[in-house]
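Chemist: The opening position of the sequence shown corresponds to residue 60 in this note's numbering, with each subsequent residue numbered one higher.
Don't take each hint at face value.
Cut-off 25 Å, straight-line C-alpha distance, at most; resulting in silico cross-link-like pairs (DSS-like, lysine-lysine) [to be verified]: (1) 257 with 178; (2) 169 with 299; (3) 169 with 257; (4) 124 with 178.
Here are the in silico distance ranges between beta carbons for each label pair [stated by the list, open to error]: (5) 265 with 289: 19 to 27 Å; (6) 240 with 147: 22 to 30 Å; (7) 242 with 275: 24 to 32 Å; (8) 86 with 133: 20 to 28 Å.
To be clear, the hints were calculated from the coordinates, so they are not data collected in a lab.
Just so you know, even glycine gets a beta-carbon here, dropped at the ideal spot from N, CA and C.
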Amino acid sequence: NGRAQVETYTVQSGDTLWGVAAAFGLDVDTLRWSNPALERNPDLLSVGTELLILPVAGAAYTVEKGDTLANIASRYGVADVDIANYPANHVSISDTLPVGTRLIIPNGRKDLTIPPPAKDADYPLAWPLVGIVTQGYHADHRAIDIGSVYGAKVYAADAGTVIHAEWARTGYGYTVIIAHANNRQTLYSHLKGALVQKGESVARGQVIGAVGSTGNSTGPHVHFEVRDDGERVNPLDYLKPK
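All chains, full assembly: derive it from the sequences and hints.
Modeler: Pasting the structure below:
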């Protein structure tokens, strides 16, 4: 992109995180990891908000008391020399880092760690993620919505075969559908992306994707459907009560 320094961008009416990222040649995660307010909910864009725009893919980090290059690098999955050698940082391996210093971490990754849900072997299905049911099953919504943080892992509710793992044109965004025994299917939509492929066999509790907000979505969540003999039924009847 030709940029060497951090820039700021003021959010305009109609902007989306994906659109802003694309305009600057970055990925969405880089914007999230450089702007803490967006980290857990990438839809918190309001007109007039100033976003930090990094010159490279990665993350921005503000030094706290006790930090060293080594522990910062470890946290983001990079080498300390990668941070020290990035010209805009103006630090060396031996430097004591002043609190409040903002560092660019090229190719740094900040993966959220959320414990997987229990496999609940005594129930027909396991919860596909740890989260809060933000919308229940009713006549106009034959599914449940489970809210969580953007990027959290999504798990197969039962063993089966993946029959769909791509963008769905129905407003569901990135969607995975798994066929199980007894002519049952489960559907997981609005994903950040799929981590399985059509035709792949999956185990109960296997990671199949990550929480996103793709398609017609108002925030990071998974739209979870259960279909028995093609009919959409209430998923809560198959899951361990919370």
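Chemist: Any hints from earlier that this structure breaks? Give me their numbers in increasing order, please.
Modeler: Hints 2, 3, 4, 6 contradicted; others consistent.
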